[in-house]
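One line per chain: the protein sequences are X and E, in this order. Numbered according to the working numbering, the first sequence spans residues 1 to 808. Numbered according to the working numbering, the second sequence spans residues 1 to 102.
Keep in mind that the hints were calculated from the coordinates and are not lab data. Treat the hints with care, since some could be wrong.
[Unchecked claim] Simulated pairs of lysine-lysine, DSSO-like, Cα-Cα distance not exceeding 30 Å:
1. K92/E - K77/E
2. K15/E - K438/X
3. K562/X - K77/E
4. K48/E - K450/X
5. K672/X - K92/E
6. K15/E - K672/X
7. K61/E - K612/X
8. K92/E - K453/X
9. K25/E - K24/X
10. K48/E - K435/X
11. K440/X - K77/E
12. K492/X - K48/E
13. K77/E - K612/X
14. K6/E - K484/X
15. K440/X - K484/X
16. K48/E - K796/X
17. K438/X - K92/E
18. K92/E - K632/X
19. K449/X - K92/E
20. K24/X - K6/E
21. K15/E - K505/X
22. K450/X - K61/E
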Amino acid sequence: MKKMQLVVIGNGMAGMRTIEELLKIAPDLYEITVFGDEPHPNYNRIMLSPVLAGEQTINNIILNSREWYAENNITLHTGKRINKIDRLKRIASAEDGTSTNYDRLLIATGSTPFMLPIPGKDLQGVIGFRDIKDVDTMIDTANQYKHAVVIGGGLLGLEAANGLKIQGMQVTVIHKSACLLERQLDKPAGSMLQKSLEDKGLTFLLEKDTEQILGENNRVTGVRFKDGSEIPADIVVMAVGIRPNYALAESAGIHCDRGIVVNDTMQTYDPRVYAVGECVTHRGISYGLVAPLFEMAKVCATHLANFGIGQYKGSVTSTKLKVTGIDLFSAGDFSGGEGTEEIVLHDAVGGVYKKLVIQNDKIIGSVLYGDTTDGAWYFQMLRGGKPIHEIRDHLMFGQDSLGNSGHQGQTKASAMADEMEVCGCNGVCKGTIVKSIKEKGLFTIDDVKKQTKAGSSCGSCVGLVEQILASTLGGGYAPPSTSKAVCGCTDKNHEEVRKMIRDKKLLNIPDAMKAMEWRTPNGCATCRPALNYYLLSTWPHEAQDDPQSRFINERIHANIQKDGTYSVVPRMYGGVTTPDQLRKIADVAEKYAVPMVKVTGGQRIDLLGVKKEDLVDMWSDLDMPSGYAYGKSIRTVKTCVGSEFCRFGTQNSTQMGIDIEKAFDHMWAPHKVKFAVSGCPRNCAESGIKDVGIIGVDSGWEIYVGGNGGIKTEVAQYLCKVKTSEEVLEYSGAFIQIYREEARYLDRTVHWIGRVGLDYVKKRVLEDAEGRKAAYERLLFALQGTADPWAERVQKRDEHKEFETITV
Amino acid sequence: MSNWTKIVSLNDIPKLGSRVVRSAKGEIAVFRTEDDQVFALHNHCPHKGGPLSQGIVYGEKVTCPLHSWQISLVDGKAQEPDEGHTACFTVKVEDGTVYLEL
């Protein structure tokens with residue numbers, strides 16, 4: 001079949017990003033033709049400021065080389081401007097007569113700098129700051145002349161001024177308002193910024209209205225203001241705003257309103273014509289930053305690919321000034337006002353200013369000056385609408401103050417030297433990441449993970465990687481959405497998948513993938529284990545467990561090691577064992593020549609280095625239940641000695657631990673689940689860093705939840721106090737069941753609570769007595785009739801041929 | 001001259017699963033996809049030697065159980081940006097029986 005024709009007008013970042021997204025999901029659907037009026041392939045426009053400042057070269061900011069177009073069979077016309085769209089015949093034609101038919105048309109014509117309508121605006125040497133040509137003009141002028149004037153004290157204006165100064169010119173910035181960057185900064189931050197730019201040698205004329213640009217022999221010579229004063233100028237850069245380029249679309253009769261009007265699918269009023277980027281008006285807003293363009297591109301691509309999914313609902317944007325040595329970040333609504341609260345930190349001498357604007361327990365805006373390391377973090381909370389009362393005391397002091405281990409306390413990306421290690425798991429240093437971001441044109445954390453491996457293992461350095469990404473890209477960084485798709489096989493997020501499984505009573509993976517229109521025939525190693533868990537936890541005893549969708553450890557009920565051998569950890573309920581058990585373990589270890597016998601942190605014994613073919617025989621000889629040390633499941637219940645022997649013990653913690661471990665045995669969960677029970681507040685079982693930690697006090701038991709001793713140490717939070725051991729089981733069981741039903745796969749309890757808030761957990765477990773009892777019942781129902789997997793394997797060893805090796 | 005060795009009945013390899021064959025040429029992982037295609041690779045990830053036979057199989061790929069490299073069953077190549085290559089073996093299915101060329 002003949003492919004459909006897709007024609008793209010505009011060879012810039014928005015258009016090409018859409019094509020990249022499209023090629024990812026539907027590589028063969030279209031014959032693609034691209035027209036661009038600049039003579040270059042697609043380049044990273046936001047990096048023009050560093051190019052002007054001499055920190056980057058043009059070659060380094062090319063995003064898609066001509067080879068890329070060729071490799072993807074895209075016909076590229078550079079230096080050709082489309083000036084006519086015939087929507088009836090579906091033909092787009094260029095000024096030079098080139099024309100092409102289309103089935104779908106994508107308009108991404110971007111914007112142009114707004115030139116003040118004053119006398120002299122057409123003189124030679126009066127330019128905007130938009131493309132490579134403008135940068136070339138500025139650099140050429142700097143080589144021959146001295147005086148530069150920049151009209152506009154916004155982001156672009158200041159970046160241009162800084163670049164011209166570095167190129168050796170004397171630069172004056174003219175600004176209409178009394179404060180620089182008044183759309184991004186409040187007054188105190190604006191003055192601090194002005195001071196540091198003045199220290200760099202820039203001159204500012206604020207509250208000045210330009211009346212006329214003066215010239216001789218058709219070349220600019222100066223600027224005159226309304227108050228009659230004049231200053232000399234050899235170049236004037238207008239940076240007072242941008243205007244969407246929609247004249248072409250309008251001339252073709254497509255509805256425009258200060259931009260090409262598009263709906264939430266990026267479609268214009270002509271269903272065959274889509275538009276993305278700075279040229280569009282979406283819900284009345286035109287964006288001039290790159291992050292929203294990427295979100296639009298993603299949505300548009302899914303519709304061009306005929307998937308009919310994805311909606312663009314507008315963007316919350318953040319900005320960062322790309323002037324080396326000046327750290328500035330702003331996002332959201334920072335003007336404050338009625339109903340809002342402000343937290344401000346202002347150190348005028350140290351040059352640090354931070355302001356957070358809070359409304360209804362959520363961050364709605366932030367301005368950071370001098371120290372922007374936490375910008376990405378605040379922005380993520382802002383976009384995610386995360387309640388902040390639990391961390392309010394620490395909020396101002398940044399993410400570091402919340403504690404993070406494993407990176408030598410090194411969490412400030414900007415202060416790091418290039419050779420410093422960022423990812424300890426994969427040995428990736430900062431320089432490698434920055435180089436990759438610049439050379440390969442990376443924009444997302446996922447891209448960085450894929451290319452460099454940084455953050456792809458334990459994930460503890462992702463925050464740091466994000467900071468590096470944000471500081472390297474500046475305003476081009478788009479933080480990941482908080483409800484992201486499960487994986488590349490679907491656009492559905494975890495919550496949507498769970499809901500579909502519940503609402504449509506999906507019971508096996510093929511049905512689930514079909515019902516949710518999975519893009520791949522049998523998923524991938526990310527989504528299949530998640531789906532399998534969601535099915536089993538939603539429909540216990542009914543859903544079909546798929547061993548092939550489980551990670552090898554859960555398939556084989558042992559833990560794979562680096563050399564392909566396995567470890568065997570038998571259960572010792574509550575960490576209590578007997579001489580008989582120990583003897584059996586010793587015998588088995590000798591019989592199978594186990595290379596290492598180790599006591600685990602969970603109070604049991606690990607037999608390491610076991611060959612796969614010995615597993616079943618060992619289990620049979622051991623005759624002990626599986627400890628589930630390999631699963632996303634209940635692991636151990638750690639206990640202290642308790643009142644039976646300990647002279648301080650107030651409660652029988654060992655028995656409580658044994659009861660819990662027996663009650664919740666065989667329980668699968670979104671991630672591993674660890675319990676601990678201590679017999680008194682001395683807390684020898686370390687209940688403070690467990691998913692559920694129980695501490696005996698004289699009058700009963702205290703229950704703590706959401707602790708974690710791993711990558712990022714998290715102290716468990718107090719949930720409640722109960723009197724009896726039956727209540728301990730009911731309350732902790734209900735908590736775990738709600739976590740099992742509602743958390744995302746691979747969320748530990750702490751991550752889940754972080755998202756829903758402890759108040760939500762309290763509401764479900766403490767305030768709603770009936771709901772608690774029902775949740776506990778559901779857990780007991782799910783666990784009913786479950787059996788020890790090792791005993792089962794021993795009994796049915798003939799049915800599991802796939803574990804036997806074939807010898808030829 | 002080709003030397004076909006009979007391995008196992010197709011039904012004894014689980015769909016989206018594998019079996020391990022110990023041979024004079026080392027351990028070979030024989031995979032079966034959902035649509036009953038069969039592939040054979042050296043049971044050894046080019047990254048750190050992980051046993052590919054134990055990975056999760058999807059489409060025509062397998063994910064190594066140790067560090068999640070994705071290896072193509074068709075040509076043994078690691079998916080970009082990882083770089084590496086695992087040896088492939090020729091395999092055929094006749095009358096429901098799997099043969100390896102050794």
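How the hints compare with the structure:
no. : hint            : in the structure
1   : K92/E - K77/E   : holds, 20 Å
2   : K15/E - K438/X  : violated, 43 Å
3   : K562/X - K77/E  : holds, 21 Å
4   : K48/E - K450/X  : holds, 18 Å
5   : K672/X - K92/E  : violated, 41 Å
6   : K15/E - K672/X  : holds, 28 Å
7   : K61/E - K612/X  : holds, 23 Å
8   : K92/E - K453/X  : violated, 36 Å
9   : K25/E - K24/X   : violated, 38 Å
10  : K48/E - K435/X  : holds, 25 Å
11  : K440/X - K77/E  : holds, 22 Å
12  : K492/X - K48/E  : violated, 33 Å
13  : K77/E - K612/X  : holds, 26 Å
14  : K6/E - K484/X   : violated, 47 Å
15  : K440/X - K484/X : holds, 24 Å
16  : K48/E - K796/X  : violated, 33 Å
17  : K438/X - K92/E  : violated, 46 Å
18  : K92/E - K632/X  : violated, 37 Å
19  : K449/X - K92/E  : violated, 37 Å
20  : K24/X - K6/E    : violated, 40 Å
21  : K15/E - K505/X  : holds, 24 Å
22  : K450/X - K61/E  : holds, 17 Å
The earlier numbered hints that this structure contradicts are 2, 5, 8, 9, 12, 14, 16, 17, 18, 19, 20.
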